[in-house]
Amino acid sequence: GAVVSQHPSRVICKSGTSVKIECRSLDFQATTMFWYRQFPKQSLMLMATSNEGSKATYEQGVEKDKFLINHASLTLSTLTVTSAHPEDSSFYICSAKGGTNSPLHFGNGTRLTVT
Amino acid sequence: AQSVTQLGSHVSVSEGALVLLRCNYSSSVPPYLFWYVQYPNQGLQLLLKYTTGATLVKGINGFEAEFKKSETSFHLTKPSAHMSDAAEYFCAVRAGTASKLTFGTGTRLQVTL
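Each protein sequence line maps, in turn, to chains A and G. For the first sequence, the working numbering gives the first residue as 1, with consecutive numbering after it. For the second sequence, the working numbering gives the first residue as 1, with consecutive numbering after it.
Calculated directly from the structure, the hints in this document are not laboratory data. No residue lacks a Cβ here, since even glycine has one placed at the ideal position from N, Cα and C. Treat the hints with caution; some may be incorrect.
Unchecked claim - Among chain A residues calculated to face chain G with C-beta under 10 Å, some are: (1) 4; (2) 7; (3) 10; (4) 12; (5) 42; (6) 52; (7) 60; (8) 113; (9) 115.
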C-alpha cells in the first residue's frame, strides 16, 4: 500500500540552528502535503498545506519565515525549522495525498528536541 | 467551518470489554468523518472513514463507527478490547472534498487485565 516516509524520526539540535525534516511519498505522487505539529498529549495542529510547485499555505499564527516549507517535487516536501528555539521542540508529522479523492497517508513523525 | 469534540481524554476498559470512544462534529456541509489511531512516537493510521452511503462503517482491527446525522456523532466502538488496542485515538472531520482535516483532541485508551 501507499507509504509516506518521514526522516529523521528523531533529531536533537542546539538553539539557534536550523533543522530540515523530509517527507516522501514512496509509491504515489503526492499533489498535496500537509505539515502538523503535535504537543505532548494534544491533538495535531495543522501548520501548513503545500501543493507541488506552489507556495505553501500557512495556518493562522504559524510563522512562514520560521517554518519553511518546500514542495519541489511530487514525492518530496521538506519542513525547515529555522533558528530553532526550545519552544519549537515538538512532534512534527507530515501527511500526503495523491488527489482530491485520494486517501491521506501519514508519516511516522519527527521528534524535535531543541536544547 | 468544521470542528470535532471528543468526550473523554482518557478511557480505561478491561480486556474483553466493550470499547466506546465518543466523537461529535460540527460541519457546515455534509462531512467526511475519520478515526485514526496513534501509537507512541508514531504517525497516524486510518482506522475507518465515512464519506457517503452506509452509515455504519467497519474498519481495521475490529473497530466500527456509526454516522448519526441527527446526533452529529460518529462514535467508535469495538465489542471486545484487546491489550494491543491501547493507544491514542483521534476523530477527524473534513468538509466534503475540501483538503483540510480537523482533528479532535484525542482520547487515550487504556486496556487493563
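Right, here's what the structure says about each hint:
no., hint, result
1, 4, "holds, 8 Å"
2, 7, "violated, 12 Å"
3, 10, "holds, 8 Å"
4, 12, "violated, 14 Å"
5, 42, "holds, 7 Å"
6, 52, "violated, 13 Å"
7, 60, "violated, 12 Å"
8, 113, "violated, 12 Å"
9, 115, "violated, 19 Å"
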